[in-house]
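Peer 1: Spelled out from the first residue to the last, the chains are:
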Amino acid sequence: MREISKLVLVLSLICGISAAALTIVRVSLEERIDMQNDFYVRGPALEQLFQKPANDVLKNKIAFAIDDITYPIFYMTDGDMITGLAIEAPGRGGYAGDIIIMMGIDTEAEKIIGLEIIQHSETPGVGSKVEKVSFRKQWCNLGISESFELRTHGGIIDAISGATYSSNAVVDGTNRVKSIINDHLDEIESLIQANLD
Amino acid sequence: MDLLLLAIGAIFVNNILLAQYLGNCPFCGVSKKLSTSVGMGLAVIFVATLASIFTWFAYHYILKPYNMEFIRTLAFILIIAALVQFVEIFLKKQSKTLFNALGIYLPLITTNCAVMGITLLNIKYEFNFIEVIVFSAASAAGFTIAIILFAGLRERLIIAPVPKAMQGTAIALVTAGIMSMAFLGFTGMVK
Amino acid sequence: MLMPIVVLWGIGFVAAVILGVASRIFYVEENPRIKGVLSLLPGANCGGCGYAGCNSCAEAIVNGTSQVNACVIGQTEVANQIAEYLGMAMVDSEIAVATRDCSGGVRAVKKYEYSGLDDCRAAMLYYNGPIKCNRGCLGLGTCVNACKFGAITMGPDNLPIFDPERCVGCGECVRACPKGIISIISEKSKILHWNQYTECLAPCRQKCPAQIDIPKYIHYIKDGKFKEALLTIKERNPLPLVCGRVCPEPCALACRRTISDDPVAINYLKRFAADWEMNSGQRLHIPVAPASGKKVAIVGSGPAGLSAAYFLCRLGHEVTIYEKRSQLGGMLRYGIPEYRLPKKILDWEIEGILELGITARTNVDFGSDFTIDFLRAEKYDAAFMAVGAWDEHSLNIEGINLNGVYSGTNFLERFHNNESVEIGKNVVVIGGGNTAIDAARSSLRLGAESVTIVYRRSRDEMPANPAEIIAAEEEGIEFCFLSAPTKILNDNNVVDSMEILKMKLGEPDPSGRRRPVPIKGSEEIIACDMVIQAIGQFPNLDFLGKDKSNILQITKWNTINAEEDTLQTDVPYIFTGGDCFTGPGLAIEAIAAGRYAARSIHYYVTDGKIPPIIDKQKSIISESLHQSIVGVAPKPRVHEPIVTLQDRLGTFKEVEGTIDEEDARYEATRCLNCGVFCYNQDLEEQSDAQTLN
Amino acid sequence: MSYKKVLLHGLWQDLPPFRLVLGLCPALAVTASIENGLGMGLAATFVLIFSNMLISMLRNIIPDQVRIACFIVLIATLVVIVEMVMKAYFFPLSQQLGIYIPLIVVNCIILGRAEAFASRNPVLLSMADGLSIGIGFTLSLSLVGSIREILGAGTWFGIPLFGSNFEPFEFMIKAPGAFLCLGILLGLMNAYSRKRGESIIQT
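Protein chains in written order, with my numbering: chain A, 1 to 197; chain B, 1 to 191; chain C, 1 to 693; chain D, 1 to 203.
Wrong hints could be hidden among the right ones.
Pairs of lysine-lysine residues, derived as DSBU-like cross-links and limited to a Cα-Cα distance of at most 35 Å, are as follows [as the list claims (entries may be wrong)]:
{"id": "1", "chain 1": "B", "residue 1": "K64", "chain 2": "A", "residue 2": "K61"}
{"id": "2", "chain 1": "B", "residue 1": "K124", "chain 2": "A", "residue 2": "K52"}
{"id": "3", "chain 1": "B", "residue 1": "K164", "chain 2": "D", "residue 2": "K195"}
{"id": "4", "chain 1": "C", "residue 1": "K556", "chain 2": "C", "residue 2": "K504"}
{"id": "5", "chain 1": "C", "residue 1": "K227", "chain 2": "D", "residue 2": "K195"}
{"id": "6", "chain 1": "C", "residue 1": "K188", "chain 2": "B", "residue 2": "K164"}
{"id": "7", "chain 1": "C", "residue 1": "K190", "chain 2": "B", "residue 2": "K164"}
{"id": "8", "chain 1": "A", "residue 1": "K111", "chain 2": "B", "residue 2": "K124"}
{"id": "9", "chain 1": "B", "residue 1": "K164", "chain 2": "D", "residue 2": "K5"}
{"id": "10", "chain 1": "B", "residue 1": "K96", "chain 2": "C", "residue 2": "K188"}
{"id": "11", "chain 1": "A", "residue 1": "K129", "chain 2": "B", "residue 2": "K124"}
{"id": "12", "chain 1": "C", "residue 1": "K227", "chain 2": "C", "residue 2": "K188"}
{"id": "13", "chain 1": "B", "residue 1": "K33", "chain 2": "A", "residue 2": "K6"}
{"id": "14", "chain 1": "C", "residue 1": "K635", "chain 2": "C", "residue 2": "K618"}
{"id": "15", "chain 1": "C", "residue 1": "K616", "chain 2": "B", "residue 2": "K33"}
{"id": "16", "chain 1": "C", "residue 1": "K616", "chain 2": "B", "residue 2": "K96"}
{"id": "17", "chain 1": "B", "residue 1": "K93", "chain 2": "C", "residue 2": "K35"}
{"id": "18", "chain 1": "A", "residue 1": "K6", "chain 2": "B", "residue 2": "K93"}
For the record, the hints were derived by calculation from the structure and aren't laboratory data. Here the structure is a predicted model, which means the values were calculated and not measured.
Please take these sequences and the hints and turn them into a complete structure.
Peer 2: Shown next as structure tokens:
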């Protein structure tokens, strides 16, 4: 019995101390990790969408939560006016998990500026073709009120041949962004205003 | 149908040994004899599936809700280590036959990156429970198929007139390379 | 913030509790040695060793199926620790070295007309296994390639040669060889090994009681490798100088050359090798295993005692010999006359055995000076009783107690002790064994005018060595065959003459010799003034009666009772062997018994139980008995130098000499290098060619 | 056991993953470029040094039955720290190394050294051993990474070496290339050792 209690004590103590050490490291690095994540994962996409250095845009960030999903939203302003938004959303139904997309929207022209893929785990060479410009540019300059569907479902988007799942996931992500813009634009704008003040 | 594709993808296209490079230490060590490699392969299927189920629950019901994803590595390895050791102790007492067939390979599995890798991939791909079972069993089956094929090759390889310096692990690695090339042929079979 | 700590602590706690409890509930008894080795192994369970994890690897190491250096992580450091651990637990800690136990000659390779992949295993697969001989080297050298240490080379005769310096005993060659003729053997396992029916054994090797690898040492002599030859002999026989002189060569009877020629002069060769060492002035190094910490007492220092002491010492045990007489050697010293075995030579041989680290205490009589209780008090782990057979059977005839009537052993022993022996003019020796001949020849040398040997059967039935009989005849000893003494007549209590009764040979008795049947009324009187009776010996076990603590049982043949398979007596820690167990026998049989006892004692003191020998070879393997030998031309046998008759008489100078190197190497070429099925016919052509040159 | 010997043994005599055939997974998986190889090697070195240190410090406290579990927890803790530090300061590298960073936990080298060396040697010596094996591992990984990157992509540290006409053998950065490259390197190393007459055990 003594033996077992020593065994239990040592193992659980080591676990506890390890966890404590990890928590401390985690707390002290958390902010930096998030920053790095924004910079390297979203930065390039934001640069593409807004044609501005990533560091200028990254700080303009709000988080909008709806239906248990948190959507990170970046914005561009001209004085007090909001000129553009970049909304990140998960596209469900990919072949290997979610495809995270980011859609840029010109709020004045109510048009889509561009679509970027932030993160995916699709099969290289097949599903990964969603990253290709030829696929993504199909969204450019579409109005935000339009509905996005694959051509096979009667829409206007050409799917990548052999990668219907991946294409569908991207479409799903863009539809989420569209519905947020259509239904909650006011709330988002007020959040941004609050952030600006 | 989706699950079948998932399984085929995990076994052939993304073979855990030859395409993902996981579990290579036992791949080289245990593949010297066909019989040992069969035992090892079956043990990996068993433990990988079991470990995936446990870690999936731990992740989705404890770690994720409390926002503790950062300790998942620690939690997973602890769960795998304890699980494997428990199964070993249990089998040793309860069934000598089963222990001799599978149990003696269990200690190898604690430090087998294939098992740990499968549990991590489960999380990465955000599978649901059924998918986790199918994926982990299929990945481990991929490991088993690869190691059995490889052991067969190696048994014949001893007879081959290999240059002295290349004998042993060196020629085994080259052979594994050629095998992995063959597996490249499956790419694109499942999208 | 606290949550992660609590959760991980919780997982750790639960895991530890489950494991702790499980290890209690599902506890399985395990070999502590496996556990010990496991604790030394790195425990990474990487599988690099080819075993399924450290546990399996530890098991393999303890069971001897894997080497101590199996672990790829641990390397030398861990290997040393394991070796040390196992060494203390007294498992073989010597380095085992690969050897080839069958050559198969050039014959085996000729069986295959094969031009495929240059690999033994491929050749075997192609022909669905070996063609006739299930052993024999194919000579394609797969073992050479298999060796990672460069310890194997292909010799000129297409047989692998092993370099013990480089061999680490990894066993790769054993696994590579499809014919199973390579084995990994340590010095210890060589000593502990006994012939098995499943092995490829030349007939001589089957016949030799000590199981010396005769073809191997002859082969070495042929190549001029006398050191290796002698070491091969000493793996089985610690007394080659003695045996080279006194052994009646049972092996030569089995020599396959006898089918159409004289047998190989095996004993001359053995004597040559042994004398080579003595004359070189330097003793060969005999490997001795690390000390085991076990003590063994040997009672009696005859061939059985010396042999057991030698082998036990080589197995790493601490050995003490207790001897009743003033000098070691037993019957070898006191029973064999100087002219056959010079004492100087015996001394040199015994000295070499003692130098291995054996203590000898002389002039201590078991029973009166020390007892079984004493051995126990001295903390001996085992004892070996090899007291020999020193008592002479006595004829139950009139006048046997007269002055001038001696027993053979007593007679021989007396003048070795420099006791005065008044030798008669006309000496009669009764008996047909070696003792009788020794007594007769000794008497002649001491100045007897005539010596007569009285034997109740004919010359063919005489159990003495044929060579001895011939020598006795040459020296002028008279033989009176088919005669049994009936009474010894006296004149004033001094032997005067002896009455004998003539015999004829009847039906064979159980020993196969024909029974002598007296012829009525054929009494004769022969004149004599001294009678030596040497009609057979038996062990003198009176000392057992003196020892109050004795619990040893005695058989109805007046020998010590013991298990035949283990030589273990009724007292588990006491073993016996040699003449006191079997009754009088040959020196080489006693030497064999010494090693057999050493094996049993070794297992008894280390493991506590003695494993039986599986498929132990007891009789000649029937396949090895050939009717004819094809292609072998007769080839004259060498003769050893013999001292001329004039020089022999009156002195105890050694009669037989040792052959010289040239003769030895020639005689070695007469060996057919036999296996069970095969023998080397081709050797003939080669040696003929050599002779022509 | 001298410091010099301990410090040097990981560089040739026990060079992982060639002499010590351990840690093959990272050696194969992350060596598509030298940058990744170097990063992985350094991460493993860091973990090795400190895991050896911690285990050597705690070697007398840890009970035998839970030895492996305790070692793994300690190693895993270090690995997670490395993972977080990498994310915070070398984000692109951490993205490329992906799940192979957490898999350092099950890298046999680390547990192997912990067991074979740290659990029976004093702290400083154990750290020296970790450093030696770690540097050896880093060098090996960098070498394999260099070869595969140069041949497979025509670049080194991302710098193009051969101009635009060079058609890289893409095969080298895929899985088969990794196996082949490692096998041939091991063969060359064996050949060299044999030539020098070193007594080596080719596994």
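Peer 1: Each hint should be assessed against the structure and marked as holding or not.
Peer 2: Here is how each hint holds up against the structure:
no., hint, in the structure
1, K64(B) <-> K61(A), "24 Å, holds"
2, K124(B) <-> K52(A), "32 Å, holds"
3, K164(B) <-> K195(D), "11 Å, holds"
4, K556(C) <-> K504(C), "30 Å, holds"
5, K227(C) <-> K195(D), "33 Å, holds"
6, K188(C) <-> K164(B), "32 Å, holds"
7, K190(C) <-> K164(B), "32 Å, holds"
8, K111(A) <-> K124(B), "34 Å, holds"
9, K164(B) <-> K5(D), "29 Å, holds"
10, K96(B) <-> K188(C), "34 Å, holds"
11, K129(A) <-> K124(B), "20 Å, holds"
12, K227(C) <-> K188(C), "20 Å, holds"
13, K33(B) <-> K6(A), "41 Å, violated"
14, K635(C) <-> K618(C), "31 Å, holds"
15, K616(C) <-> K33(B), "33 Å, holds"
16, K616(C) <-> K96(B), "33 Å, holds"
17, K93(B) <-> K35(C), "17 Å, holds"
18, K6(A) <-> K93(B), "24 Å, holds"
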